[in-house]
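Engineer: Chains as they are written, first to last, in the numbering used here: chain S, 1 to 356; chain V, 357 to 525.
Some clues are possibly wrong.
Said to hold, decoys possible - The list that follows gives simulated cross-link-like pairs (lysine to any residue, SDA-like), each with its CA atoms no further than 20 Å apart: (1) V/K418 with S/F196; (2) S/K319 with S/F238; (3) S/K245 with V/L386; (4) S/K245 with V/L372; (5) S/K245 with V/L369; (6) S/K245 with S/K318.
Claimed, not checked - One side only, chain V facing chain S, incomplete, derived with CB under 8 Å: (7) L376; (8) H428; (9) P469.
Bear in mind the hints are in silico, worked out from the structure with no lab data behind them. Even glycine gets a Cβ: it sits at the ideal position worked out from N, Cα and C.
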Amino acid sequence: MDSEKKFYLLAELSGWNCTPYCKGYGETIKKSNSYRVLSYNIPEAKKHLSGKARVLCDSYQKINLEPESVKDCFLVENAVNYLALHSYPAFYLNPLAIDPGYQGEVSSIGDLIISYKGGEKTINEIILDDKTVPEEKKKEVDRAFDGYLADMDLLAERSIRSLTPSLGKSKEDTHERRIAYVDSIFSLIFVVFFLFLLLNPNESFYALLYAPNWGKAMTYALLIYPIFLFLFLFATLFYHSYADKTLESYHYARKFVRKNQDVLYSDLKNGKERLYDYVAGAINSRIILKNDITDFSLLSTSYIDCRNVLLTKASRNKKMYRTLENLDRSFFFALLAIFLFAFTITLLSLLFNTVV
Amino acid sequence: MTLSWMLLLIAPLLLLPAILLPENRIRTFLFSLIVPFLVALSFALVGRFYPPFVETLGSFAKPLSQWALRGHPELSSYELDFLSYTLFSALITIVLFFLFLLPAAFFFVGKNPEIHKPTRTIRHILKSILFFILTYGLVSYFLIAIRLILPIPDGLLSFLFEWIHPIGA
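Same shape as in the complex, but just chain S (with noise of 0.2 Å):
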């Protein structure tokens, strides 16, 4: 901020009106290299789901590039000169909540950057610190690192929410168990009324088989229900197959969470204490860390896919999975038709012991 915009800001907090003097700075905002670098590095902060990855994200949406104010124009300076800064992977990275196939510009928990009496330095940096004993900077880093633990509790409690009915079923979730149960039921008495069909000794049922009478209702019951059958249950077994598997560690995580939630979180913290162990040591021997970033993430080699589970919503709106649910309805619609069609026919025909 100039200091001409300190001027007019001294001025607006002893009352003046200094509206007009704060408008473009929106633009002024967009073309500083702060906000250039903010946008250039929140692409990748969206990938993380780390909790200073997600308040990073959000408050850079909450920008507001339109001051009414020069109090606001100082407010959002500040803010976007912040953000950018804090905007770098060592920042926001979560070791216990990194996405296990991570291979970006931080190769090392030694690169993360922490807080530390009151500044912030790198861990390798607190490492190698001379002038701090060994038990202070394991007091620093047990905190950082129960701030680690924390913001890896709620992403596990976000995605228990998701799981536990108790907690309050998605609106998705309960639609696909109710479709599954519908096609299984149905399925099951297509069948049965197949297995009927042909196991129904009925000498002129046989006679259209062989010789089909398009005269007769019984003719097409016959020979376009099968047909309609063998479609539904392939469009069904494909699109439950591939429900399944795109949603395995959502199905897992919901059946594991139902019994084991205690042994989810304690897992958890053992992993925290794990990863202070290993730090600890390094403090204690003054051996910089290297290449050991993924080392300790428990995103998706815990019990639960943490990851998976979020994204379980995303994986619902594949073209591939709409598209196949949308064949399923279909078959099973036209299938149902034929089969009251079948059915009415094939009860007509054996009430009045003749084919109708």
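Since chain S is already given, all that's left is putting chain V on it; use the hints.
Structural biologist: Okay, now just chain V, sitting in the frame of chain S:
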């Protein structure tokens, strides 16, 4: 349509879940299928090598399958007993499958799909093959065994049906 074609068409239907289903789900189905499969196998073996048992159980179960057998005067008494016996064993197999499936689907948690992926892939393939063998094996066996009362001819695989189940050929 022949029985051979029907069996060939059923194969892709069961191959789909065998290939696509995740390991945990395959395990649930395998758990539910093993006992029914063994029961069906026992019925089949006993039926093959100990005819008096077929006659006894077939006569006992005849009221259940009467609706399907009454229109086949051409069949001998033993054939009717055998078909009744087969339909009864199919019913037992299906009931057992659902009896095992319900608790398995509810209580079986499985393993985290994200860990030990390389070794689990091999196990998954083996389990998928086993799943296909069990499901397709059961469906094929019962259809072949009751082919005498099916209104469709055996078709190109009749020699195989004859080998699997020679009765009434």
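Engineer: Indicate, hint by hint, whether the structure satisfies it.
Structural biologist: Structure-based check of all given hints:
Straight-line distance between C-alpha atoms of V/K418 and S/F196 comes to about 17 Å, which keeps the hinted pair within the 20 Å bound. This hinted pair checks out: S/K319 and S/F238 have alpha carbons roughly 14 Å apart, not beyond 20 Å. At roughly 17 Å between alpha-carbon atoms, S/K245 and V/L386 fall within 20 Å of each other, so this suggested pair holds. Distance check on the hinted pair: S/K245 and V/L372 sit about 12 Å apart at the alpha-carbon level, within 20 Å; holds.
Distance hint between S/K245 and V/L369 is fulfilled; the C-alpha atoms sit about 17 Å from each other, no more than 20 Å. Simply put, S/K245 and S/K318 have alpha-carbon atoms about 13 Å apart, close enough for the 20 Å limit, and the pair holds. The closest approach between the C-beta of V/L376 and any C-beta of chain S is roughly 4 Å, which is under the 8 Å cut-off, so the hint is satisfied. Annotation: interface hint on V/H428 holds; nearest CB of chain S at approximately 6 Å, less than 8 Å.
Taken as an interface hint, V/P469 checks out: its beta carbon lies about 5 Å from the nearest beta carbon of chain S, inside 8 Å.
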